[in-house]
Amino acid sequence: MGDDSTANRLAVEQPTRGADHNQSLADQADPATDELLLPSLDDGITLLDVDGGRGVSLLQSLVLDHLLLHDGPAFWVDANGHATTTTLAQIAPSQRLLDRIQVARGFTAYQHYGAVCDLPAAVSQSIRESTANNPTQDGQPADRDAESPYTPSLIVAPAIDVQYRADDTLGDRHANTLQARTLARLATYADGYDIPVLITRCTIDEFTEPVATVADHHLECEQTRMGPRICGEEFETLVYPVDDGAYYQTTFAYWRQLLAARATEVGVEPTTPASSTPEDVGTGVTAEGETLTATTDPLLDAWTATGGR
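This note's numbering numbers the first residue of the sequence shown as 1 and each following residue consecutively.
Read the hints as simulated data drawn from the structure, not as lab findings. Note that beta-carbon positions come from the ideal geometry of N, C-alpha and C, so glycine has one too. Mixed in with the good hints there might be a few duds.
The calculated label-pair distances, taken between Cβ atoms and stated as ranges, are [to be verified]:
hint : residue 1 : residue 2 : range
1    : Phe252    : Ile204    : 16 to 26 Å
2    : Ala121    : Asp194    : 18 to 28 Å
3    : Cys117    : Asp216    : 31 to 41 Å
4    : Asp168    : Arg128    : 35 to 45 Å
5    : Thr188    : His218    : 17 to 27 Å
Can you build the whole structure from these sequences, using the hints too?
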């Protein structure tokens, strides 16, 4: 009896990856929800390419889905306005997920690179603040296989090429060099923290060939008349079921439905934010003279002084 109990416990606690993890959730809940699950993000760099648009809703949905399945915060180095709080608040099944995302913004190539370089310091500061607020957890021995609620669970860097491509102060050689250094640092973080790093690119061309080269995993999304179709090494969207039995979806409603289903499966009570628009508390001015609205939303708290705090 004891041996069987131990074997069963080990079988339950054995970590799974990628599509296997999604499949186990579907088996435990309702098999009909299999097609409603998003692809899991494995450790290493994942490149997401979206055909016909920036794919902001899909990117945000992958981040929120990962946070539902894993402990720890997400660190987001934003470019080109991908960390929009309005859509994040609208598709998030729980407001608590938004509190676990820390965002830094880079409005130039050097600001973006600086934010990536400062990420380890931001992680250390986040751990110090989190453990200070939870003294009962501090100093307790941790299971090697258990996830920490303090260490990063995900790094996000959308539009990885946009600032290096658009910066007029950089020549072609320097732009390529700075982008390569950014990719190298992200690869180091993925390996050092043993977590996924999710990136996108604005354009598929010679300049972003190194982005595809450094990626360990590749997800592609195309818009079809029935909704978004995602393909990866171990995942493919096949159908788009909705409540009335029809097989079509609008993109935004699709992501919101997926995350609501995921939240129910993992035992997170869905909550609706009081407002989809963050409360304005004033304005700020970037180094380039751009005026930005400041809000109380934690997504707007950059972890460094680079890039329009």
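Hints, verified against the model:
As the Cβ distance of Phe252 to Ile204 is approximately 24 Å, the hint placing it in 16 to 26 Å holds. At about 19 Å, the beta-carbon gap between Ala121 and Asp194 stays in the expected band of 18 to 28 Å. The hinted window of 31 to 41 Å between Cys117 and Asp216 is violated, with their beta carbons roughly 21 Å apart. At about 39 Å, the CB distance of Asp168 to Arg128 agrees with the hint of 35 to 45 Å.
Against the hinted window of 17 to 27 Å, the Cβ-Cβ separation of Thr188 and His218 comes to about 20 Å, which satisfies the hint.
The structure fails to meet hint 3 from the earlier list, while all remaining hints are met.
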